[in-house]
Amino acid sequence: MAALGAWRVLRPGRRWFSETVPGAPSPPGGPLYPPVVASITAKSKAAKSRRLQRFNQRVHAAATVEEKLRLYGKLQRPKYTVYPQTFALNADRWYRSFTRTVLVPGMPPRGTAAKPPVGAAGATLEAGRAPEPGAEAPAAAEAPGDAEASRDAEASGAAAGAVPYVDIGELRSLACDALLQESFYQNKKRPFLYRDQDHTPGPFLTQLVSTLAASLSGRNPLLAASSLDLSPEVNYYWHHGEEVVVHGHRKGRVDPVRFQIDDNPHLQIRVPKQLPEVVPLESDLGDVPVIDHKPSKLPLFKKQYENKVFIGSKVADPCCYGHTQFHLLPDRLKRERFIRDRLEDQIEVVYRSNGIASLFAWTAAQAMYQGFWSEADVTRPFVSQAVVTDGKYFAFFCYQLNTLALSAETVRNNPRKNICWGTDSKPLYDIVEDGNVKGFNDEVLIQLVHFLLNRPKEL
Amino acid sequence: VFPGVRQAQWLTKTKLVEGLPPAVQGIVDNPALGLQELEERARHVVSHARLWDTTEVAPRREKYCPVLFENLIHICRLMSGKYPALSKRMLARNCRIAATWERESILLQVRGLSGVLMNSMTPIPPVASKEEILATKEHVLETFYPIAPTIDLQEVNVYKELNDTGQCFRDGYPYSHPHTLFFLESANVRTDRFRPEQLRAKMLMFAFGNALAKARVLHGNDPKVLEQPIVVQSIGTDGQLFQFMVFQLNTTDLVSNDGVKNLVWIDSDQNLYERAQCVPEVKKGVVMKPAGISGFQPDTFKKFLALYLHGTV
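Residue numbers (the working numbering), protein chains in the order written: chain A, 7 to 465; chain B, 10 to 322.
Just so you know, these hints were derived from the structure itself, not from any lab.
Each hint should be verified, as a subset may be incorrect.
Cβ-Cβ distance ranges computed for the label pairs, FRET-style [to be verified]:
1. A:PRO305 <-> B:GLU206: 43 to 49 Å
2. A:HIS253 <-> B:THR200: 37 to 43 Å
3. A:ALA48 <-> B:GLU71: 48 to 54 Å
Heads up, simulated BS3-like pairs for lysine-lysine below, C-alpha to C-alpha not over 25 Å straight-line [to be verified]:
4. A:LYS463 <-> A:LYS194
5. A:LYS314 <-> B:LYS72
6. A:LYS279 <-> A:LYS463
7. A:LYS257 <-> A:LYS320
8. A:LYS340 <-> A:LYS257
9. B:LYS72 <-> A:LYS463
10. A:LYS398 <-> A:LYS444
11. B:LYS97 <-> A:LYS444
12. A:LYS80 <-> A:LYS463
13. A:LYS300 <-> A:LYS257
14. A:LYS194 <-> A:LYS340
15. B:LYS97 <-> A:LYS194
16. A:LYS463 <-> A:LYS444
17. A:LYS51 <-> A:LYS80
18. A:LYS320 <-> B:LYS97
19. A:LYS80 <-> A:LYS444
20. A:LYS279 <-> A:LYS80
21. A:LYS423 <-> A:LYS398
22. A:LYS320 <-> B:LYS72
23. B:LYS97 <-> A:LYS279
24. A:LYS444 <-> A:LYS340
25. B:LYS97 <-> B:LYS293
26. A:LYS398 <-> B:LYS97
27. A:LYS300 <-> A:LYS314
Here are some, though not all, of the chain B residues that point toward chain A, as calculated from beta-carbon distances under 7 Å [unchecked claim]:
28. GLU79
29. HIS83
30. GLY90
Quantities reported herein were computed from a predicted structural model and do not represent experimental measurements.
Ideal Cβ placement from N, Cα and C applies to all residues, glycine included.
Sequences are here, hints too, so could you generate the full structure?
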């Protein structure tokens, strides 16, 4: 009976409403009743937003970055696995829409010297960086006839911003030696079926990068403190957009669209100091493509597994910022295959999608390692570089992460966009014959050297 | 059966000297090289390989042993910013080595994948002086009578006597002098790994094989005492314990038991660190062992670097 039931419920000593403490004086002039807020467990939109707020507060209040990452990726649900190296047509447009990235063709101008001229004498080259404008201006203003002499004097004058010469001939011979060793001199067994890339281009890339990085470490103190990873793992998990759950016991609910990138670059260089920003945080250099279809039309497939965020080593590592990644395209994405299938325009798409997806994952994971996430957006841009190659053709990418706020609630009022600069793929050499490298392209090598020499302004 | 190095010594006609040769020791002790600053980097590198490199809690040996090796080589290679001559080196992975020789009417052959080989354009200068080489004439090789010295060796019918490191690289290769061999015992299961003694014997045999092949390329196939001894170094590790070896080939006359012998300096069982604790060991609420690397020995890293720099510095 109702009265008996009420008696049992109101037994003294059994309090199931939290605020009554008998005998405690109520605060003078303050609210007499607790705030009227939505329930936590109800199946309503208000309850859902309250749960979301509680989750955000928990993550904001997490003491360490590891705890934050653990809470961020605690709930496992089916998510789209985004593969940076994909055969999907026009994948780079889709990836740009998932990651809110603007693609700018060509490389960003670096400081005052975009492409420093190669000195006529002895094929020496001034490495480009951003010196003090005062030091550069008199050199630029001088007559071309003695411009080179003044630049010589400039460099040997050893001012604080002076840049030592980089001997391009020596680097070219290092690159050619690495190429010849892997493709010609070393006797190897025949490559395994469809594993051509592991036979020659893979070891060549490893040798090239390690020897170039070692010989340039004298010019770039950031490289001297760097950490080189072979085949590391880079993972990132994020939400972007909303969808309605189609089937299952959660049918009809509105869920964020979840993505995960699991990437394995061939080689990556991590450094203890961040690379400088290329353009200011709020710059707008273009438009992000808007795609009206579901991501599964790309094709992209859903899977549920651990939500990982990883830059290549754990949070405790002092080298927590990224410098350059090197990606090797596998055999199934060879140029010859695309040409045979009459899809020549998709060749560049492969390079671009690899660059955008991998760099987004890497820079975003670096930002998360610093404590930023989609509710706590980055306060400084994160910059990293990547080189995508299939052994002969090289494409260069530079990525600036301006925003992590991509989830449905935060992207509505977010004016910032991430920016990716990228080049088309160019060959490094024409052919290797009889112990000689024919048609070596210096431009690609110079661009690679520029990438490796990139460092913060104060170093 | 036997401590493997003694058997390997007999097979390669070598005299053993404990410790590293004075030339290498000099590089270790040389303060001008700035090895102290690198100590901090070496510590980070060990932590990276053993603790931080994986999304799981602790990396397995198959992962951390090669990663530790790559990181140490990376630090050594970065020294070429200071010593540009160091860039005249090239690493070759998965090198196949084959060398044949006769030892008291027994035909012996060394073949196989010898791990990672570092080649350089210039040879390492001989480590032992002429007097020391001549003094080895007096040294008598240990025999294992009544056990035949070829015990535990696999007997095969050899139809082709393959002879050169030229089989690993073609002629005209600019980095033609083998400098250092690296052996990584990275199997997860302990029984699949070589024990330290066996590892040292393997290192000796492969260093000898490389040096012999080089000698035959330079001086021809006739057995004789070499005017310019050939030096090949060797480093073996299982991710924690390091074995360092410097081998000098003085003679290719291996049939007889007397005369000038080859020399090998071995520095064995050098620990780079004591423990790598991934998760702190807590008993009853008290932290017994904190997480991190404990017992780091900078001397081991200095010896690694000294062997790398040997021949150029």
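Here's how the hints hold up against the structure:
1. Remark: the range hint 43 to 49 Å for PRO305 of chain A to GLU206 of chain B is contradicted by a beta-carbon distance near 56 Å.
2. For HIS253 of chain A and THR200 of chain B, the Cβ-Cβ distance of about 51 Å falls outside the hinted range of 37 to 43 Å, so the restraint is violated.
3. A hinted range of 48 to 54 Å for the beta carbons of ALA48 of chain A and GLU71 of chain B is consistent with their spacing of about 51 Å.
4. A threshold of 25 Å between alpha carbons decides the hint, and for LYS463 of chain A with LYS194 of chain A the separation of about 44 Å lies outside it, so the pair is violated.
5. With a C-alpha separation of about 19 Å, the suggested pair LYS314 of chain A and LYS72 of chain B falls inside the 25 Å cut-off, and the hint holds.
6. With a C-alpha separation of about 11 Å, the suggested pairing of LYS279 of chain A with LYS463 of chain A holds against the 25 Å cut-off.
7. Restraint check for LYS257 of chain A and LYS320 of chain A: the C-alpha separation of about 37 Å exceeds 25 Å, so the hint is violated.
8. For the hint linking LYS340 of chain A to LYS257 of chain A, the alpha-carbon distance of about 42 Å lies beyond 25 Å, and the restraint is violated.
9. Proposed proximity of LYS72 of chain B and LYS463 of chain A is contradicted: the alpha carbons are some 36 Å apart, above 25 Å.
10. With a CA separation close to 12 Å, the supplied pair LYS398 of chain A and LYS444 of chain A stays within the 25 Å bound.
11. Restraint check for LYS97 of chain B and LYS444 of chain A: the C-alpha separation of about 22 Å stays at or below 25 Å, so the hint holds.
12. Straight-line distance between C-alpha atoms of LYS80 of chain A and LYS463 of chain A comes to about 39 Å, which puts the hinted pair past the 25 Å bound.
13. As the CA atoms of LYS300 of chain A and LYS257 of chain A are separated by approximately 17 Å, the hinted pair is consistent with the 25 Å bound.
14. Distance check on the hinted pair: LYS194 of chain A and LYS340 of chain A sit about 22 Å apart at the alpha-carbon level, within 25 Å; holds.
15. Taking the CA atoms of LYS97 of chain B and LYS194 of chain A, the gap is about 22 Å. The hint holds against a cut of 25 Å.
16. Pair hint LYS463 of chain A plus LYS444 of chain A does not hold up; C-alpha atoms about 37 Å apart against a cutoff of 25 Å.
17. Among the hinted pairs, LYS51 of chain A with LYS80 of chain A is consistent with the structure: their alpha-carbon atoms are about 22 Å apart, no more than 25 Å.
18. With a C-alpha separation of about 34 Å, the suggested pairing of LYS320 of chain A with LYS97 of chain B is violated against the 25 Å cut-off.
19. Restraint check: the Cα-Cα separation between LYS80 of chain A and LYS444 of chain A comes to about 54 Å, which exceeds 25 Å; the hinted pair is violated.
20. Distance restraint check for LYS279 of chain A and LYS80 of chain A: the Cα-Cα separation of roughly 30 Å exceeds the 25 Å cut-off, and the hinted pair is therefore not satisfied.
21. For the hint pairing LYS423 of chain A with LYS398 of chain A, the CA-to-CA distance comes to about 32 Å; that exceeds 25 Å, so the pair is violated.
22. Under the criterion of a C-alpha separation no larger than 25 Å, the hint pairing LYS320 of chain A with LYS72 of chain B is consistent with the structure, at around 15 Å.
23. With a C-alpha separation of about 29 Å, the suggested pairing of LYS97 of chain B with LYS279 of chain A is violated against the 25 Å cut-off.
24. Distance check on the hinted pair: LYS444 of chain A and LYS340 of chain A sit about 21 Å apart at the alpha-carbon level, within 25 Å; holds.
25. Between LYS97 of chain B and LYS293 of chain B the alpha-carbon distance is near 56 Å, which puts this suggested pair outside the 25 Å criterion.
26. In summary, the hint linking LYS398 of chain A to LYS97 of chain B is supported, as the alpha carbons are separated by about 24 Å, within the 25 Å threshold.
27. Taking the CA atoms of LYS300 of chain A and LYS314 of chain A, the gap is near 23 Å; set against the 25 Å cutoff, the hint holds.
28. A cut of 7 Å between beta carbons decides the hint on GLU79 of chain B: the least distance to chain A is about 6 Å, and the hint holds.
29. For HIS83 of chain B, the shortest C-beta to C-beta distance to chain A is roughly 5 Å, which falls under 7 Å, so the interface hint holds.
30. A distance limit of 7 Å between C-beta atoms decides the matter here; for GLY90 of chain B the minimum to chain A is near 3 Å, and the interface restraint holds.
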